[in-house]
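K.L.:
Just need the whole structure built from these sequences, with the hints factored in.
2 protein chains.
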Amino acid sequence: MINRLIKEIQKKNAPIVVGLDPTMKFIPGSIKEKAFSVYGETLQGAGEAIWQFNKEIVDAVYDLIPAVKPQIAMYEQFGIEGLIAYKKTIDYCKSKGLVVIGDIKRGDIGSTSAAYAVGHLGKVQIGNESYAPFDEDFATVNPYLGTDGVKPFLDVCKEEKKGIFVLVKTSNPSSGEFQDQKLADADNRPLYEIVGEKVNEWGAECMGENYSYVGAVVGATYPEMGKVLRKIMPKTMILVPGYGAQGGKGADLVHFFNEDGLGAIVNSSRGIIAAYQSEKYKDTYSEENFADAARAAVLEMKEDIATALEQN
Amino acid sequence: MINRLIKEIQKKNAPIVVGLDPTMKFIPGSIKEKAFSVYGETLQGAGEAIWQFNKEIVDAVYDLIPAVKPQIAMYEQFGIEGLIAYKKTIDYCKSKGLVVIGDIKRGDIGSTSAAYAVGHLGKVQIGNESYAPFDEDFATVNPYLGTDGVKPFLDVCKEEKKGIFVLVKTSNPSSGEFQDQKLADADNRPLYEIVGEKVNEWGAECMGENYSYVGAVVGATYPEMGKVLRKIMPKTMILVPGYGAQGGKGADLVHFFNEDGLGAIVNSSRGIIAAYQSEKYKDTYSEENFADAARAAVLEMKEDIATALEQN
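Which chain is which? The protein sequence lines are V and F, in order. Each residue of the first sequence is one higher than the one before, starting from 1 at the first, in my numbering. Each residue of the second sequence is one higher than the one before, starting from 1 at the first, in my numbering.
Everything labelled a hint here was simulated from the structure, so no lab data went into it. In this text the structure is predicted, and so the values were computed from the model without any measurement. A couple of the hints might just be wrong.
Which copy is meant is left open, because identical chains are indistinguishable; a pair holds if it fits in one copy or across any two.
Said to hold, decoys possible - Below, simulated DSS-like cross-link-like pairs (lysine-lysine); rule was C-alpha separation at most 25 Å, straight line:
1. K151 to K25
2. K88 to K161
3. K123 to K25
4. K235 to K151
5. K34 to K123
6. K161 to K7
P.N.:
The following block contains the structure:
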């Protein structure tokens, strides 16, 4: 799957992933009204509105991008009905040829991580039958529990030719609280570097053609740390959240890439899917053509990153 | 909810939580056959088998224990149908007067953690209506993202009078890889102690009568660390996994408790729900009376912990 992701990035010339993180306030009134008119203002109604919203966004941008990253929390907040919309979104995106990165940030003790790995990336056995319940192509994983919390994901990835992105340095303001702590037994280097070294180690036994299928998450909001982590994890695909709405700019991203122009894939969520509500686009686009605004925002993001990479 | 949890612990004289972590191999053949005869060897069949299994376990032990802790991964591995069984289990346990700790180990950047908090502990707004999608009483939370990943859970807890347990030192073998790292800027104390201090700090503004509704997870498998963490977090309820199948014993647990005999609640999963398969019980119990074996195992665990606390 890492080879396919890279081929799609090259084919579409866009190291970009669109975060499908719908909230009720991003969804145009007309879509909500239609869903509520059938299902009422219910969890099912919300699920339907999310699914219709996603579908229009995907239809408008799928030819431009290699991958999408639905954030499962945005679906899980609507319970079972939200998760049904999550699953529909995954299936639809795959039918459009997109690589799907499930932003699930799971991670637990071994036997429990194995259950998450099976449910999201693998197949679960029931009697003589087996099923792929959520069936994302990649999943994000939290490393706090150490190797035996990550290992079960690697086992499933090897079997299914899928991949993971391990949280190394997250994009949020307080990520440094624990992640930046200097470690006495590692020459005072920060924890995120040591996690990065582990990712590199885990990845070495999970190599695709040029990149490992054990990737890392490093926030666009910390470009200097990205530069160091790029060197620590040379064969690691870095998933870079925090571009756009969270403050990351194209120029901040150059050091996340390798000299081959690859090695990073940048996510934008709100900046794309709610572009029609942004200062920049709200005069040109309205609720009726929210999906066109998303397309314009993808094109602009693609240009921003390409320009930054060329100038480097 | 923390006050209620403590009252239930006192009333039942049992600082015990039963982990409802069903797997296909724990479920007696007769339950599986019945479920499969209606739904086939499908995800729905698995969900039904899990739900019937849980129901019998709960019926057999609910009068002895204050709380249950379903591990969501064990349900999520069966996709939507598994999560329907998770939700049914929560509702049923609450109807039996049990406190429900959702072992979800979620944690993300602020806006995303807010979605998890709303979906699991709070209410989600849809138009003019609001719904409590999963509605557990407590949830476990991963701290790797720092304060702004935890804060949204606290906000919801304050509003809903619920609580969380933050992962501090987990029970698994490789938990030390990152959690035990000595921090140069904290007098070489390990990361888990610093996370413990944060839990204490977050908890100070979330006090119930005597304990905070910000609890901590500390594995029974690390009793010496539990002793230190008990002192660092005096007002924190500690959820202690790792008893039984993972190797923790009653005598290991005494230092997790305060002098008031409270402050900790010990989880056992496999050791209870799959007791009928264990060396100890397999000659006395069979598949037909698996729930009686679970009851016997709860009584034995209660005795083990009570004896250890008395001898201390």
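K.L.:
Against each hint, give a clear statement of whether it holds in the structure.
P.N.:
Going through the hints against the structure:
no.: 1; hint: K151 to K25; in the structure: between (38 Å within a copy, 22 Å between copies)
no.: 2; hint: K88 to K161; in the structure: within (22 Å within a copy, 34 Å between copies)
no.: 3; hint: K123 to K25; in the structure: between (35 Å within a copy, 16 Å between copies)
no.: 4; hint: K235 to K151; in the structure: within (19 Å within a copy, 35 Å between copies)
no.: 5; hint: K34 to K123; in the structure: between (36 Å within a copy, 23 Å between copies)
no.: 6; hint: K161 to K7; in the structure: within (15 Å within a copy, 50 Å between copies)
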